[in-house]
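If you read the sequences in order, they're chains A and B.
Here the first sequence is numbered in the working numbering, starting from 770 and rising by one per residue.
Here the second sequence is numbered in the working numbering, starting from 16 and rising by one per residue.
Hints are supplied without guarantee of correctness; some may be wrong.
What the hints assert, rightly or not - Here are the simulated PhoX-like cross-link-like pairs (lysine-lysine), alpha carbons at most 25 Å apart as the crow flies:
| hint | chain 1 | residue 1 | chain 2 | residue 2 |
| --- | --- | --- | --- | --- |
| 1 | B | Lys-98 | A | Lys-876 |
| 2 | A | Lys-876 | A | Lys-821 |
| 3 | A | Lys-829 | B | Lys-57 |
| 4 | A | Lys-876 | A | Lys-825 |
| 5 | B | Lys-93 | B | Lys-72 |
| 6 | A | Lys-876 | A | Lys-837 |
| 7 | A | Lys-837 | A | Lys-825 |
| 8 | B | Lys-93 | B | Lys-57 |
| 9 | B | Lys-72 | A | Lys-876 |
| 10 | A | Lys-821 | A | Lys-837 |
| 11 | A | Lys-876 | B | Lys-57 |
| 12 | B | Lys-72 | A | Lys-837 |
These aren't lab readings, by the way, just hints derived from the structure by calculation.
Note that the structure is a prediction, hence the values are computed from the model and not measured.
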Amino acid sequence: GDSVTQMEGPVTLSEEAFLTINCTYTATGYPSLFWYVQYPGEGLQLLLKATKADDKGSNKGFEATYRKETTSFHLEKGSVQVSDSAVYFCALSGGDRGSNYKLTFGKGTLLTVNP
Amino acid sequence: EPEVTQTPSHQVTQMGQEVILRCVPISNHLYFYWYRQILGQKVEFLVSFYNNEISEKSEIFDDQFSVERPDGSNFTLKIRSTKLEDSAMYFCASRSGTLSYGYTFGSGTRLTVV
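Excised from the complex, chain A in its bound form:
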């Protein structure tokens, strides 16, 4: 079945530092890839997505590129802010056509940004 492996962290950075959170996946088909963010005490919010190989998803300064050759979807941001402190989840959907397109999540990466 489908699976997602992401850097578990926690990751602690200073404001304006560069962020990378690694995510790799295993899927039988051609999945869509997502990054979700969970701020403290809140639900899951879609951060960005990519639906096919070489697509780049971007939002709020975050970017991730769908790399089929390396089965990766690493999240990057050039300059993090304190307000980016949250848990970040990599997820995929649609890899297994029989899966009804449920989301399969990685374990999440806690990011703390210090002023």
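Fit chain B to the known structure of chain A by using the hints.
Positioned in the frame of chain A, the structure of chain B alone reads:
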């Protein structure tokens, strides 16, 4: 922007009691899901629902769990006889027929079984 609404935000129940978690998905969405997140752990798929029936369920979704869409707007998750290990955050999600638009999640219901 359309939202998925979940109620209650927090529920405390005694072991062995029945609970119903409620969700109002986005009105023109066709696919509905429940996920759970045990504290500090990954988000896990429970069940998907389409065309008024369960389309897929995980191993977690045993006979103690059931889902309903009773009136075309609400989407409920019932746990018949709660166990301590059911304590978790439960998320409802919905999506349109087009996968590329992604899923919209509710803010979750934190269930605490004591």
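Against the structure, the hints come out as follows:
1. Proximity of Lys-98 (chain B) to Lys-876 (chain A) is assessed by CA-CA distance (about 24 Å); at most 25 Å being required, the pair is judged to hold.
2. Using a Cα cut-off of 25 Å, the hinted pair Lys-876 (chain A) and Lys-821 (chain A) holds, with the two alpha carbons roughly 23 Å apart.
3. Taking the CA atoms of Lys-829 (chain A) and Lys-57 (chain B), the gap is near 24 Å; set against the 25 Å cutoff, the hint holds.
4. Taking the CA atoms of Lys-876 (chain A) and Lys-825 (chain A), the gap is about 22 Å. The hint holds against a cut of 25 Å.
5. A C-alpha spacing of about 14 Å is found between Lys-93 (chain B) and Lys-72 (chain B), which places the hinted pair at or below 25 Å, so the restraint holds.
6. For the suggested pair Lys-876 (chain A) and Lys-837 (chain A), the alpha carbons sit about 21 Å apart, so the restraint of at most 25 Å is met.
7. A C-alpha spacing of about 12 Å is found between Lys-837 (chain A) and Lys-825 (chain A), which places the hinted pair at or below 25 Å, so the restraint holds.
8. Only pairs whose Cα atoms come within 25 Å are accepted, and Lys-93 (chain B) paired with Lys-57 (chain B) is accepted, the gap being roughly 21 Å.
9. Using a Cα cut-off of 25 Å, the hinted pair Lys-72 (chain B) and Lys-876 (chain A) holds, with the two alpha carbons roughly 20 Å apart.
10. A threshold of 25 Å between alpha carbons decides the hint, and for Lys-821 (chain A) with Lys-837 (chain A) the separation of about 8 Å falls inside it, so the pair holds.
11. About 4 Å separates the Cα atoms of Lys-876 (chain A) and Lys-57 (chain B), which keeps this hinted pair within 25 Å; it holds.
12. The straight-line distance between the Cα atoms of Lys-72 (chain B) and Lys-837 (chain A) is roughly 28 Å, outside the 25 Å bound, and the hint therefore fails.
Hint 12 from the list above is the single one not met by this structure.
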